[in-house]
Amino acid sequence: MAQQNNGTELHGTPKPLWLLAEITYRCPLHCAFCYNPTDYVTHTQNELSTEQWIKVLREARKMGALQLGISGGEPLLRDDIEAIVAEAGSLGYYSNLITSGVGLTEKRIAEFKRGGLDHIQLSMHDITKEINNFITDTNTFELKKKVAAMIKAYDYPMVLNVVIHRYNIEHIGEILEMAEAIGADYVELANTQYYGWSLINRAQLMPSKEQLEKAEAITNQFRKRVGNKMKVFFVVPDYYATRPKKCMNGWGQVFMIVTANGDVLPCHSARSLPGLTFPNVREAESLEWIWNESPAFNKYRGDGWMKEPCRSCPEKEKDLGGCRCQAYLLAGDAEGADPVCTKSPYRHLIDEAIEEAKNPKIAAQPIIFRTDKNSKKLLEGELRERAQAFHALP
Amino acid sequence: MSDKIRSEDVFGLARHYRFQYEEAQGCYVLLFPEGMIKLNGSAGEVIKRVDGKKTVADIVAECKAAFPDVPDLEGDVLAMLQLAYDKAWIARKE
Ligand code: SF4
Ligand code: SF4
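Chain order of the listed sequences is A and B.
Heads up, the first sequence is in the numbering used here, so the first residue is 1 and it goes up one at a time.
Heads up, the second sequence is in the numbering used here, so the first residue is 395 and it goes up one at a time.
This is chain A alone, in the form it adopts within the complex (with noise of 0.2 Å):
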């Protein structure tokens, strides 16, 4: 009788029925996870208007966009968000603010729930300290604790968002713990997805196989613990899979986002592909005309564009081949079968980048923090030898 999908399965025309504000890439935190773009540094100064992001609610509303996500950067760094949560509100969009919980107030708590914001899903960001800070009771995690109290208060289910690396991955019964204390709904532990920031400091980042399989029979445990009281889901790192994930669930199938300068994207990390010009909503005719028509959102769409071995792979609806940008980022090949799998010619990268984790030498190296200033740098070729293994980063 009824399907659940996660928006995912669609016949006919694909629809965007989520949209994705990436509002500003400005950030308070230095997440060295970060997946934001390495050059997010040139699209800090010329974002979109609260006019044009209104305009952009409206289009894709009429396309049929259903599920609104509000993310950055950190989008509270904009004043604006009240105006484009009430419109959001207005429109029927079931929204979502991303937040690190950083310039979170009860004013402006306030002003979200009466425009209509739907949740808000706190990040636990800069999980290290974090962790430290819950052990040792200090600020970061009072602060945590205080948005958490608010989200509470004013009714709002609670999702927390941990990305789960190195660093992490040993606390995450601890972490858990912590999510029942302030009485998590749901917690996403996301294993480190290799994009951006995350990519450079890959080697400092991935987890063992051992630390991912004791992580993972933790939070089973947990899960059986606390029932429905929270629900937990764990986003397994594809590395340490056999086949790809199925990213976006297909390239221009249910996902738009719209960046803080106003490319439209079908993906996070789209623009790192070769060859591609992705429409900006500042030129473009309409965001109907960049869902559909656009070259951009029709190269990866179904497909055609396929290769071997994922044209004649009887498991291509499965995974639809992947991810473009691993594919193109690890192997410079856009048109590859992501090299997660172990059909893949080029999967030998992926077990090389397992083993060079493992090597204590690559893996002390500094982890470059994403900042404006690392962020300048690359762009301007320093700190090259971390980038240069890598297709399309500076």
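These are calculated hints, taken from the structure and not from any lab test.
Mixed in with the good hints, there may be bad ones.
As the list claims (entries may be wrong) - Chain B residues, not near chain A, derived (Cβ > 10 Å throughout):
hint, residue
1, Lys-398
2, Arg-400
3, Ser-401
4, Glu-402
5, Val-404
6, Gly-406
7, Val-450
8, Ala-455
9, Ala-460
10, Phe-461
11, Asp-463
12, Pro-465
13, Asp-466
14, Leu-467
15, Leu-472
As the list claims (entries may be wrong) - The following label-pair restraints were derived from C-beta to C-beta distances:
hint, chain 1, residue 1, chain 2, residue 2, range
16, A, Ser-90, B, Lys-447, 25 to 35 Å
17, A, Asp-155, B, Gly-420, 30 to 40 Å
18, B, Lys-487, A, Lys-152, 19 to 29 Å
19, A, Ser-90, B, Gly-420, 13 to 23 Å
20, A, Ala-153, B, Ala-408, 18 to 28 Å
21, A, Glu-317, B, Lys-487, 37 to 47 Å
22, B, Lys-487, A, Arg-223, 20 to 30 Å
Remember, predicted model here, so these are calculated numbers, not experimental data.
Where a beta carbon is used, it is the ideal one built from N, C-alpha and C, also for glycine.
Guided by the hints, dock chain B with the ligands onto chain A, whose structure is given.
Below, chain B with the ligands without anything else, positioned relative to chain A:
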């Protein structure tokens, strides 16, 4: 936890769930933080009536009145409500 629903039970939508008609999709949807569910026509008709006031018996009666030509409607409506309850889309009102 999956107990059977009874005809005198009153259900409301689960906390934090939203139910609405989507013009562009031509169907009812249930929305919640980690996703959405598209409901087909008959499922939508049933969930539409879950309002925190009507009993299961009321909902069955309403559906029967709205669709007099559909045979064995009661079984379908009850099955739909049971499914919605098992999936925690709807919650029993005390
Ligand atoms: S991952 Fe960290 S640095 Fe990147 S946008 Fe989110 S909070 Fe900011
Ligand atoms: S060969 Fe291509 S389509 Fe087949 S499983 Fe691997 S990535 Fe997917």
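Comparing the hints with the structure gives:
Distance check for Lys-398 (chain B) against chain A: the nearest CB is about 18 Å away, which clears 10 Å, and the non-interface claim stands. No beta-carbon of chain A comes within 10 Å of the beta-carbon of Arg-400 (chain B); the shortest separation is about 21 Å. No Cβ of chain A comes within 10 Å of the Cβ of Ser-401 (chain B); the nearest lies about 20 Å off, and the non-interface call holds. No beta-carbon of chain A is positioned within 10 Å of the beta-carbon of Glu-402 (chain B); the least distance is around 24 Å.
Every Cβ of chain A is farther than 10 Å from the Cβ of Val-404 (chain B); the closest lies at roughly 20 Å, confirming the non-interface assignment. The beta carbon of Gly-406 (chain B) sits about 15 Å from the closest Cβ of chain A, which is more than 10 Å, so the claim that it is off the interface holds. Against chain A, the non-interface label of Val-450 (chain B) holds: every CB pair exceeds 10 Å, the least being about 17 Å. Interface exclusion of Ala-455 (chain B) from chain A stands, the closest Cβ pair being 20 Å apart, more than 10 Å.
With 10 Å as the threshold on Cβ separation, the claim that Ala-460 (chain B) sits away from chain A holds: the shortest Cβ distance comes to roughly 17 Å. Listed as outside the interface, Phe-461 (chain B) is consistent with that label: its C-beta sits roughly 15 Å from the nearest C-beta of chain A, beyond the 10 Å cut-off. Distance to chain A confirms Asp-463 (chain B) as a non-interface residue, since its nearest Cβ pair spans about 19 Å, more than 10 Å. Every beta carbon of chain A lies more than 10 Å from that of Pro-465 (chain B), the smallest distance being close to 17 Å; the non-interface claim holds.
Remark: the non-interface label on Asp-466 (chain B) is consistent with the geometry, its nearest Cβ contact in chain A lying 14 Å away (cut-off 10 Å). Once the 10 Å rule is applied to beta carbons, Leu-467 (chain B) is consistent with being away from chain A; the minimum gap is 13 Å. Non-interface status of Leu-472 (chain B) relative to chain A is upheld: no Cβ of that chain comes within 10 Å, the nearest being about 12 Å off. Distance hint for Ser-90 (chain A) and Lys-447 (chain B): a CB-CB separation of about 27 Å, consistent with the stated range 25 to 35 Å.
In this structure the hint that Asp-155 (chain A) and Gly-420 (chain B) lie 30 to 40 Å apart at CB holds, the actual value being about 31 Å. The supplied range of 19 to 29 Å is met by Lys-487 (chain B) and Lys-152 (chain A), whose beta-carbon atoms lie about 22 Å from each other. Separated by about 22 Å at the C-beta atoms, Ser-90 (chain A) and Gly-420 (chain B) satisfy the suggested range of 13 to 23 Å. Between Ala-153 (chain A) and Ala-408 (chain B) the beta carbon distance is about 20 Å. The supplied range of 18 to 28 Å therefore holds.
At about 42 Å, the beta-carbon gap between Glu-317 (chain A) and Lys-487 (chain B) stays in the expected band of 37 to 47 Å. The hinted window of 20 to 30 Å between Lys-487 (chain B) and Arg-223 (chain A) holds, with their beta carbons roughly 28 Å apart.
Consistency with the previously given hints is maintained throughout, with no hint failing.
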